[in-house]
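Starting from the known structure of chain A, fit chains B, C, D and E with the ligands onto it as the hints suggest.
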Amino acid sequence: MPGPSPEAGSPSSSPRTTGTSISPRRVRRRGAVTVTEQPPSVTREGITIQSLSKVYDTADGGEVTALRNIDLQIQPGEFVSFLGPSGCGKSTLLHIIAGLLPQTAGTVDVFGTPAAPGRQDSAIMLQTPVLFPWRSVLDNILLPVEILGLDRTSATARAHELLELTHLTEFAQKNVWELSGGMRQRVSLARALVTDPALLLMDEPFSALDEFTRERLNIELARLHEELGRTTLFVTHNISEAVFLSDRVVCMRPRPGEVIDIIDVDLPRPRGAEHLASAAAIENESLVREAIAEYI
Amino acid sequence: MPGPSPEAGSPSSSPRTTGTSISPRRVRRRGAVTVTEQPPSVTREGITIQSLSKVYDTADGGEVTALRNIDLQIQPGEFVSFLGPSGCGKSTLLHIIAGLLPQTAGTVDVFGTPAAPGRQDSAIMLQTPVLFPWRSVLDNILLPVEILGLDRTSATARAHELLELTHLTEFAQKNVWELSGGMRQRVSLARALVTDPALLLMDEPFSALDEFTRERLNIELARLHEELGRTTLFVTHNISEAVFLSDRVVCMRPRPGEVIDIIDVDLPRPRGAEHLASAAAIENESLVREAIAEYI
Amino acid sequence: GSGGDGAGGDDGLTVMLSYKKSIYWLPMLIAEDQGYFEDEGVDVQFEETNGSGFVTQQLIAGNVPAGWAGAPDAAVAFSKDDNLRALMCNPPQNIFRIVVPDDSDIESVEDLEGKTLGIAEAGGGEEPIVNASLEAAGLQRDADVRILPIGDAGPASLNAILQGQVDAYAGSYPDISTLTADGRLQTRDITPEQYNAIPGDCLVTTADALEDDQVRDQLVGMARAWARGAVFAAENPEAATTIACRVVPQECEDMDFATTYVKDTIGLSGVADDADTPFGHVDDSAWQTTFEVLAESGAITTDPDAGTFAGGGIAEQFASDYWDFDIAATREEARSSDGN
Amino acid sequence: MSTSTAHKMPPTRKTTVTKAGRPARRGPWAKVWPPVLVIVVFLLLWELACRAGLVNEIIVPPPSDVAVSFVSMLDKAYFWEATWVTMAETIAGFLIGVVLAWAIGTALGMYDWAKTAFYPIVVGFQITPRVALAPLFLTWFGFGLTSKVVMAATICFFPVLLNVMVGMDTVDRNARTLMRSLGASRWEEYRKLVLPSSLPLIFAGIKNAITLALIGAIVAEFVGASRGMGVLIKSLNFQLDVAGGFAVIVALMIFGLILYWIVEYIDSKVVFWRSHS
Amino acid sequence: MSTSTAHKMPPTRKTTVTKAGRPARRGPWAKVWPPVLVIVVFLLLWELACRAGLVNEIIVPPPSDVAVSFVSMLDKAYFWEATWVTMAETIAGFLIGVVLAWAIGTALGMYDWAKTAFYPIVVGFQITPRVALAPLFLTWFGFGLTSKVVMAATICFFPVLLNVMVGMDTVDRNARTLMRSLGASRWEEYRKLVLPSSLPLIFAGIKNAITLALIGAIVAEFVGASRGMGVLIKSLNFQLDVAGGFAVIVALMIFGLILYWIVEYIDSKVVFWRSHS
Ligand SMILES: Nc1ncnc2c1ncn2[C@@H]1O[C@H](COP(=O)(O)OP(=O)(O)OP(=O)(O)O)[C@@H](O)[C@H]1O
Ligand SMILES: Nc1ncnc2c1ncn2[C@@H]1O[C@H](COP(=O)(O)OP(=O)(O)OP(=O)(O)O)[C@@H](O)[C@H]1O
Ligand SMILES: [Mg+2]
Ligand SMILES: [Mg+2]
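Residue numbers (the numbering used here), protein chains in the order written: chain A, 475 to 770; chain B, 475 to 770; chain C, 608 to 947; chain D, 245 to 521; chain E, 245 to 521.
Misleading hints may appear alongside valid ones.
If the Cβ cut is set under 7 Å, some of the chain D residues that face chain E in the computed set are [stated by the list, open to error]: (1) I371; (2) T372; (3) V375; (4) L406; (5) K451; (6) I459; (7) F466; (8) S470; (9) G500.
The list that follows gives simulated cross-link-like pairs (lysine to aspartate or glutamate, EDC-like), each with its CA atoms no further than 20 Å apart [unchecked claim]: (10) K320/E x D749/C; (11) K627/C x E325/D; (12) K436/D x D511/D; (13) K320/D x D861/C.
Since the hints were derived computationally from the structure, they do not count as laboratory data.
Backbone N, C-alpha and C define an ideal beta-carbon position, used for all residues, glycine too.
Bound conformation, chain A alone (with noise of 0.2 Å):
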């Protein structure tokens, strides 16, 4: 496959410059593409959304617009996070970008091929944990090592530290069916990260924990996302959590789904704890509160 090499995504090309850059930037595009600084031709680099529609047919014979007109760019190494109310098509979104739903109309690029299943570059995490009650929490976390062909030596060690990540370390011989809800989920983001892939989506991973594993996580993905530069789209409804951890956030509205603002978050990285609750953490939070509001 003459896909883009691994590195693709890694910190050299990060754009990551716009998001520490020193003077604020809080320009509002209502619905519009994002005009970047790099010509046309570069876009090749990261996920090019252009004039994307999805339309379902429904089982009564009619049509329900999950998506309408999405135009949207994305830097390679970039972090972004979708917020909308439920239904907006945040996971259908993410569905058409991993190549798992063919859109109706418009085009998705990603690392400059069309989106498609099964890139070994990337993954993504559904919003239900689905996992295979024949393995165990360990195996199931190294399923995409399986399948990718990787090696497993250095996966199981690399499943380890996940699981350490995670707060599972003392499960990883256990039945999924005796995890609760939100272990599966720890499971599941356990099983997105441990191929290491430089396109990460993520679909509310963080929905069934609680506010200090969510803390945790939230700074432990900052951390990860600083070091390897991985190109993440993360499904969240933390508008907290959602301006911690993106250089940008996508605030959609629902029927039809559209975006209906874009906002760039101007705190500092590398980001720790101390950004988490910090003066300018709550200003963009309270500027996407705002930007969502207006159109509930």
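Structure of chains B, C, D and E with the ligands alone, referenced to chain A:
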């Protein structure tokens, strides 16, 4: 069945006065039985949990203590939230109170009878929304009505009210696989509410919802609670939500699951949007946060 | 319900057949078609089965008053229950044959040593005769001669014979007529002479049933009508064929086959050659042979008395009771019939 | 084409990934012509093999002969009578077997004591070759249609029973918990949860059953009957009318397929949520 | 007892609700004695019916006679030879049928074009009564074991095929999406998701298959064989040794049950997650 009449949890017998008492009480009791003013004989009216333990046998022959020595007294009409890290036994506790899991030791009395499943006067909303794909959204909501043999016409009217409340009116006749994750959760919520149960057990009912929908539903739930005086046990990871809704917040810690603290919330009732980010609420929230943080 | 305890009376008579309605039962087909049973005032209900075993079991169980069963099966049944009685046989001669292809160098059963003998069915009526023939020839089953069930007449058995998978074949005469009908195969009969007397299917009832005059009268009436059918067929085979093909059209897809089948059936009935002996009559000695054959082949382990079963005057008396009709009139009727 | 141009296709292009790998609907003919094609090719090869003498004609007649026999048979009253008999046996046996299996399977799946006590007996009964019990059947059910109906019913009983039981086993645990929390009686739980969610499996059992019922009826006719398509096949074979025998078999296939597709159609209509569970 | 006292039981009492309605484990005997009891009662009633003359001995012999025959048969070499033959046919047919059904079912379930083109043919083949094709089988596979093995294999083929296909249909959609997102090839998706999640159904098919294989072998022996338990039953029936015939049937049941329980045991070990899915 010689169970209590549905009026057992009616506002007249509600001790909500405790919550609305003017002098703020902040009695912190560590892992202890909540001693109430009422003599023990009256405990038949509420929920009495005594020395409750739950040990799961694991598949590898070991044991997991999910709950240890829980003592709790919940007054009829009280709104109690359960907070605690993932895996601390919240779902287990709710299942036991609903009579869906056998305890290993201790007793649970609900309105004067030992916990048992299928009480007409109670409803549980599980952590994962279980919807039947062969039923439309509306018919899923009406399932409890059918099983309890209630009047379908008036129940349908009620179901439509709930659909409106959960912003799902236009989805009444849709198939469940056409819903987003958050929509499914809302259907599950509507189903739990449709029979107007005196005891409501809810396991993270709003985890998949955006902040605005969540807030709106929180306000609605508070209003309904104040109108109908249902005894409500509410699992959540959201501290502000817990504070806003509850008379008391039970904080738990994991492995083994134990009650570490019970916080009386001193927000006045009736509660509305104005209490959401009020100083009093924030003060209460930090109390809860403190209580939990101590154990993490 | 059971097979019906139609012990005569107003309910009519239930009689079991060991084989489906077919040209094999030609006299019965004709009697039915020509209304002979009504003439005799018997209301008979024939129950078709697929094997003599079914018939003898039901007889012993007392579920039916009478039935037609192959002579070997009937004899075995008698060895289990000496209450059974055989009254007449259709046909009264051996229906089982051992044959070899015309060009085979096998001349007799003795020559089968080291060869393979195909039979129609394991546990079928030909087996006792095969066993006894081998025994008489001093051959041991399996050790000296391989016995291979290849089915009754049909593509598989024809192919097996033509391909030389078996060197000889034992089956009933309809099997042989079928296999030879289209001329691809010509056969030579090597059945030892002494077994020709073994009868085909016999009308078996119980001593108890015979005590009941009403049942006995019905049986006599049935036998008379049956015998009239046999006489009719022997007199006018063409009309008999027409009648048979009307009753069982599926056996007349190939008219050559049907004609041969009818011809062989009439030939075995013995009516054409000898009008003095009642149709269906079997000698005591024939029964003696039957029992011996069965004892030799191991199917009978006790020592039943053939005389009690089929002799002792019962069969004689029965024969004289039904063979009293106007044979000439029946023949005349047959001659003038075109079968329609 | 170079990779670089491949990556720069005009923005109006649509990806053509199909949902869950299912092909787009292409009208009813798309489902009809492939099997027809396969069958036609198969028949052609068969015909050629016969003409070339590769296949022994005594055993396998050429399809053209079978077709001729088949057409001429359609005129015969005995053919339609046999068809009627066999179909009546099959359908009656099928209905009885399925209803019994459903009822008993449900009872065994619902009550553990019933399963413990009776399941081994049911299996034992299934294991017992029905053909060997033919004398019993004859005694109990007479010589007519009934014994064949019983044979057909008993042979199609077990697959349905087994699938009914497995279906009850594979019901989602959370859904069961929900029903228990609502205080649903066993019967309500069965009707509103277990039955619908095991319908795909039950239908698999039923589809098995319709084919087995036909086989059972034919076997019963082979073992002992005077009427029906089994008897017809036997007597045509007996006359070495091989083409005729095959023609009846073809007729059997056609009628069997019709019954099968009826069941399949009902399945697809009833379990409308299948691909979304 | 009045309700008021019932509500005031001492606090040490434990509720005895069982998990998901399953009974507590009571040792292996709890699974053994109920069927044994049922069988014993059944045999007693049967014996009594025979003694009282309600059932005729020539059709149904009393169990005591069958037991005597059975015991005396255990000494006979011919009995063991027949058993060996039939079991060999059954097991060989079973294995061939299951493996083929699995392979073909998987192919049909995986490739829609294969299903469209070949499924009607498979159903048509299943519908065709194998007994009617016996002449074909005998010609192609000879008069020995092989033709019986083929008969057993073809009759146990379809239930497995059908359950394999339904199993593939009922795989969780989200899980499929996950596998697709990982870029699993069809084969990997099959091996790591579809196969395990359809195992409960496949095993139901296999359990069907083992019983049908035995039936198929016996039917084939009835139609034309020189050795095996079917032949033994037939020749004992010819001798009107009904008790002997039943003894062989009992032996068949026992061997069949053993095979069945082996499959069931493997099922329970392999699909350890069954009650938790
Ligand atoms: N069936 C089971 N077998 C064994 N252990 C179990 C089982 N169910 C739950 N547990 C264990 O019991 C503990 C409590 O689980 P529970 O589901 O009650 O947690 P929870 O508080 O609801 O967590 P979450 O917030 O993640 O939903 C966990 O450690 C879990 O691993
Ligand atoms: N298979 C489907 N068929 C028809 N409509 C669908 C289907 N899947 C989703 N939809 C509709 O598309 C819209 C967007 O759904 P989606 O799951 O993307 O929402 P979401 O933003 O992820 O919501 P949530 O936050 O609740 O998960 C919804 O209105 C939903 O009803
Ligand atoms: Mg979603
Ligand atoms: Mg939980």
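Tested hints:
1. Below 7 Å, beta-carbon pairs count as interface contacts, and I371/D has one with chain E at about 3 Å; its hint therefore holds.
2. Look at T372/D: its Cβ gets to within about 5 Å of chain E, closer than 7 Å, so that hint holds up.
3. A least Cβ separation of about 5 Å between V375/D and chain E falls short of the 7 Å threshold, and the interface hint therefore holds.
4. The closest approach between the C-beta of L406/D and any C-beta of chain E is roughly 5 Å, which is under the 7 Å cut-off, so the hint is satisfied.
5. Evaluation of the K451/D hint against chain E yields a held restraint, the C-beta minimum of about 6 Å falling below 7 Å.
6. For I459/D, the suggested interface contact is upheld, since its CB lies about 5 Å from the closest CB of chain E, less than 7 Å.
7. Because the smallest distance between the Cβ of F466/D and any Cβ of chain E comes to about 5 Å, under 7 Å, the interface hint for this residue holds.
8. Taken as an interface hint, S470/D does not check out: its beta carbon lies about 17 Å from the nearest beta carbon of chain E, beyond 7 Å.
9. Hint on G500/D holds. Least Cβ distance to chain E is approximately 3 Å, under the 7 Å limit.
10. Of the supplied pair hints, the one linking K320/E and D749/C holds, its CA atoms being roughly 18 Å apart against a limit of 20 Å.
11. Under the criterion of a C-alpha separation no larger than 20 Å, the hint pairing K627/C with E325/D is consistent with the structure, at around 16 Å.
12. Of the pairs offered as hints, the one joining K436/D and D511/D holds, with about 18 Å between alpha carbons and a cut-off of 20 Å not exceeded.
13. Between K320/D and D861/C the CA atoms are separated by roughly 14 Å; this keeps the pair inside 20 Å, and the hint holds.
Consistency with the previously given hints fails for number 8 only.
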